[in-house]
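Assemble the complex: chain C is given as a structure, and chains F and W must be docked to it using the hints.
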Amino acid sequence: MKLTLKIWRQDSAAAAGRFESYSLDGAGEEFTLLEALDKLNDTLVETGQVPVAFDSDCREGICGSCGVTVDGVPHGPVANTPSCRQHLRSFADGSTVTLEPFRSGAFPVVRDLAVDRSGLDRIIEGGGYVSIDAGTATDADAHQVSHETAEAALDFAACIGCGACVAACPNGSASLFTGAKLMHLTLLPTTRQERGQRATGMTAAMDEEFGPCSVIGECVEVCPAGIPLTAIAGLNREKLRSVLRGKTS
Amino acid sequence: MSSTVRTHARRPLLSNFVCKTVMAVTGLIFSAFVLVHMLGNLKVYLGAEHFNDYAHWLREAFEPVLPYEGLLWVLRLALLASLAGHVACAALLWRRARVARGPVRRRSLPWRSFTARTMPVTGLVLLFFIIFHLLDLTTGIAPAASGAFEAATVNTSHAYENLVASFQRPLVGVFYALAMIVLGLHVAHGLWAAANDLGATGRRFRQVAVVASGVVALVIMLGNISIPIFVLLGVLK
Amino acid sequence: MTASLPADASALTPNDVRTIGDAIAGGQPTLGGPNAWADRKLHYNLVSPLNRHKFRIIVVGTGLAGAACAAALGEQGYDVHAFTFHDSPRRAHSVAAQGGINAARARKVDNDSLARFVKDTVKGGDFRAREADCWRLAEESVRVIDHLEAIGAPFAREYGGQLATRSFGGVQVSRTYYTRGQTGQQLEVAASQALLRQVAAGTVTLHTRSEMLDLIVDNEVEGGAARGIVVRDLVTGRIWSQTGHAVVLATGGYGNAFFKSTLAKNSNVSAAWRAHRRGALFASPSFLQFHPTALPLGSDWQSKTILMSESLRNDGRIWVPVQPNDPRAANDIPEAERDYYLERRYPAYGNLAPRDVASRAARDEIEAGRGVGPLHNSVYLDFRDPLARLGRPVLAERYGNLFEMYADATGDSPYAVPMRIAPGAHFAMGGLWSDYDLMTNIPGLFVGGEAGWAYHGANRLGANSLLSANVDGWFTLPYSIPNYLAPLLGTPVLADDAESVLRAVAETRASVETLAASPGTQGPDRFHRRLGEILYAHCGVSRSAAGLAEGIRLIRNLRHDFQADLRVAGDADGFNQELERAGRVADFIDLAELMCIDALDRDESCGAHFRLEHQLGDGEAARDDDNWSFVSAWERGPEGTYLRHQEPLHFESVQPETRNYKTS
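Protein chains in written order, with this note's numbering: chain C, 1095 to 1343; chain F, 472 to 708; chain W, 788 to 1451.
If you are wondering where the hints come from, they were derived from the structure by calculation, not from laboratory data. Check each hint, because a few of them may be wrong.
Listed below are the simulated EDC-like cross-link pairs for lysine to aspartate or glutamate, each with C-alpha atoms no more than 20 Å apart in a straight line [what the hints assert, rightly or not]:
(1) F/K708 with F/E531
(2) C/K1133 with W/E1367
(3) W/K1047 with C/D1227
(4) W/K895 with C/D1235
(5) C/K1133 with W/D1087
(6) W/K895 with C/D1233
(7) C/K1133 with W/D1312
(8) W/K1047 with C/E1124
(9) C/K1100 with C/E1114
(10) W/K828 with C/E1124
(11) C/K1133 with W/E1320
(12) C/K1096 with W/D1087
Model, not experiment: these values are computed from the prediction.
Next comes chain C alone, as it looks inside the complex:
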């Protein structure tokens, strides 16, 4: 099949960007979106042009490296699917596809379609961890965790940290990401201990770079891990709880 790719080109964070159109011939419907970019880049290099920069790594939808905005939608047309698992079969032969980086004030462009999502790590640094040193843990079989609780925690822990929720949010909020981590760690008995200071620290770090949530819900439409909106209610619950109790636990 043949596609016209309208791609955002930007040399660095400081440089101005612009769209450029490229024609992609000989791609197949079974190609992933990123394989189409691979093929385009191969042609660009062959013809002496500079290839399109984009982040990708595992190409299995688990590492969270990839992420481009496709026709205005973070990751692409198929809901809840990362860019590396979007296929060309979603597009009509001969159509024009617009590719942009993830758009958010907190995600400065590194080059072309690659952005800097380190703000998400700074939220984790704010408290999205468990303060247990290596070797000091108790026997994991010494406490019971119900099957349902473990599965629920895993539903929230499934977040791949791609940042699509932020890119989809009209407010540039990272509440789904933050809430998923808080819910994951709050649900399990060993990781629950410091939930008060975790909620305070993570929300403070989040507010420094990201916007407030208005429960618009576009984040859950794009999230490749299917994190539910409940995560955001969980974020607010944990924060409210820590304010009302005034304790670190």
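Relative to chain C, chains F and W alone:
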């Protein structure tokens, strides 16, 4: 890139959490108010005497513990404070959201989020409506109020006549009806957002909350809209 | 780099491509078996808590081994600098491991034990691993689960609330702990959180999008010592040096040399290879595992062979049509005309035969013309019977995300039609040689996780890779590195303007600039694809002397073409992914040559290294313990010549035997 250099932005006095909690709580106060207000409005169907008596009772309620119009002023002050908090926090959050979103707008996703995305717009329309409504039926200042407006006295209320006279103006009647649709949209998302902002994570509770938000909004909207429509149709006069 | 091209490739013999060096010692405790690790720890030097901040440790890589090592050393109070080429530590390829992590906790009454774990691992590795290390792996596996559970990995739980386990290939007990099909992700996220906790605490300085390009060796010290690395900031292009008292390489495996592999696109061998060029020995480079359940190739531009977890073989049944080139759809082939060849050939283990055995059996079927799919390059993995027996909800809970991933990649639902799978390049058992303390032959240079070599011999058991990375990072390096550091108290790190530092930085700058200025016409990926094809054809699931010799010839030709016709688009001073790839491909080409040399040299079959000349009557691998019971550790000489050292292997607890997965 290295993690060594980290700049801490100055933390604002009112955090997003504080703003959102204020909006959720004041929004719930407003929702409760408009629901009760709507239920009171329905007395209009019992006739002028009932409606005016109800309006008069509101002024005399809890005398002598409260002075004349005491309850009304308590409510008015509470609502005014809520309004100030709700609007100020909304403005702050809206501003922060614009900064966080960055310079590039993106296409919105489907209709699912229509009510959520339009909250600032519906909110502004409601703010205008509240001012109009107070000028029309509380203070009676033209051109918002009709020429026939008669203020309440210590002994009587003319609420029914004022209402009918106001709604008999077709443009005003239609405006009231449209404003109630906007109110319905605002309340529908507002209640659901409040449930989330106040931390409703339970599966059952969320199911109830999403339905209740819609039902309450719909009831408020339909109950209030019926009045200008029946006035315009000549049923209420 | 410029070894001469022989006129007749088939004439290449091991003696043409290598010389034989001295034996080396692994330094394992003389007290073998279960007491070795405790004894070694008892004799390690310690660093006082007050002095720890005086030692700077460089950790390269933030996968399970690297993040764990950096976090654990940070928790102890050392001054740690962690480096990753990713934009976030959480993205390291450990994240993609699916099936689970083994631990010899032996809570069930299925007769598991530390000794059985060691036996399974040593036997699974076809007796080419260091047994003492396997004992440590077994012993520390117990608290790995406790620790990871405590720091946030939500392990699957039974309905009674206890930790759930399942079985993996090459094992008859149930010792694999898991979180759905995303075990690696959950462990990696937990480890990167622990790392970020130390960043927040100020003990770890994290450098993201920073790639190690060279190792700084201080030759003023007797015997040399690793004292720093040269790094390229991938965003700005700045090349700079980071010095410290010790360097840990936890940079993963090199399976991506095959281009189409189960690894992430950016996984590479460069950090390990640059250390090898500075003198670190490289162990068993030809020991590379082919995963039997990867997705088959469908098109030229398919970027990888996506991995399907081995856990699928717990329930799925592998088969091919009895009739070669059978044109019927899978579901139209009656039961009598299906050959469940693993169940037939290996009744005791059936579909859970170890990976090398399963991959080789699949290759046998495909080469006999019984391969299925449009390109006849795959075999069926069928869930029809478990679906009937267990029902869809049970399968969905066990494998839901894997089935979804498969349907997504191929357009077929595994609930409706059998999956199609084929062997794909996967895990590197080989890697930088290290002693029992995980230190390479360069003092101060440590290695952890897949970048090293010790536990898996010639074939790794499923779910042992997550375990080895965790044991190295959390519970081995934090003991052995202080032991190395303690005598260095008071020694300053190298100054940024020390001669050896300046020289390494200057050399790196020069080579990056040379690479960036390559005047040819083809991008690095073109050469990488060609390299992969050469390796699959000549150094793949089965190998022969003639094929390997031809492989070496083709790789040398490829290197020649690479040097002549490489084009690197863009500039050296800025974000340039072509430049990153070009450097990595150059190293892969060198590594690939060494892989073929090692495979040609090792004149036996063992584990994943299957030489067609050495097979038993029924097609099983014929190991030669009399001549080859050692680990090859390669030293790189001038002009790309190689010297093979050997570390003899001793087995006390598990006596070498011919592996038998048929009856026991």
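Holds or violated: W/K1047 with C/E1124, Cα cutoff 20 Å? Roughly 17 Å separates the two Cα atoms, so the pair holds.
Take the C-alpha atoms of C/K1133 and W/E1367, compute the straight-line distance between them, and say whether it is at most 20 Å. holds (18 Å)
Can you confirm whether the C-alpha distance between W/K1047 and C/D1227 stays at or below 20 Å? violated (39 Å)
Proposed proximity, W/D1087 with C/K1133 (alpha carbon, max 20 Å): holds (10 Å)
Given the hinted pair C/K1133 and W/E1320, is their Cα-Cα distance within 20 Å? holds (18 Å)
Take the C-alpha atoms of W/K828 and C/E1124, compute the straight-line distance between them, and say whether it is at most 20 Å. violated (54 Å)
Would the hint linking C/K1100 and C/E1114 be met if the CA-CA limit is 20 Å? holds (6 Å)
C/K1133 and W/D1312: Cα distance at most 20 Å? Holds: C/K1133 and W/D1312 sit about 10 Å apart, inside 20 Å.
Below or equal to 20 Å on CA atoms is what counts here, so check W/K895 against C/D1233. Given that 20 Å is the threshold and the Cα spacing comes to 15 Å, the pair holds.
Taking 20 Å as the top limit, are the C-alpha atoms of F/K708 and F/E531 close enough? The hint is violated at about 26 Å.
Has the given pair, W/K895 with C/D1235, been kept, meaning a C-alpha gap of at most 20 Å? holds (12 Å)
Within 20 Å, alpha carbon to alpha carbon, are C/K1096 and W/D1087? holds (17 Å)
When held up to the earlier numbered hints, the structure conflicts with 1, 3 and 10 and fits the remainder.
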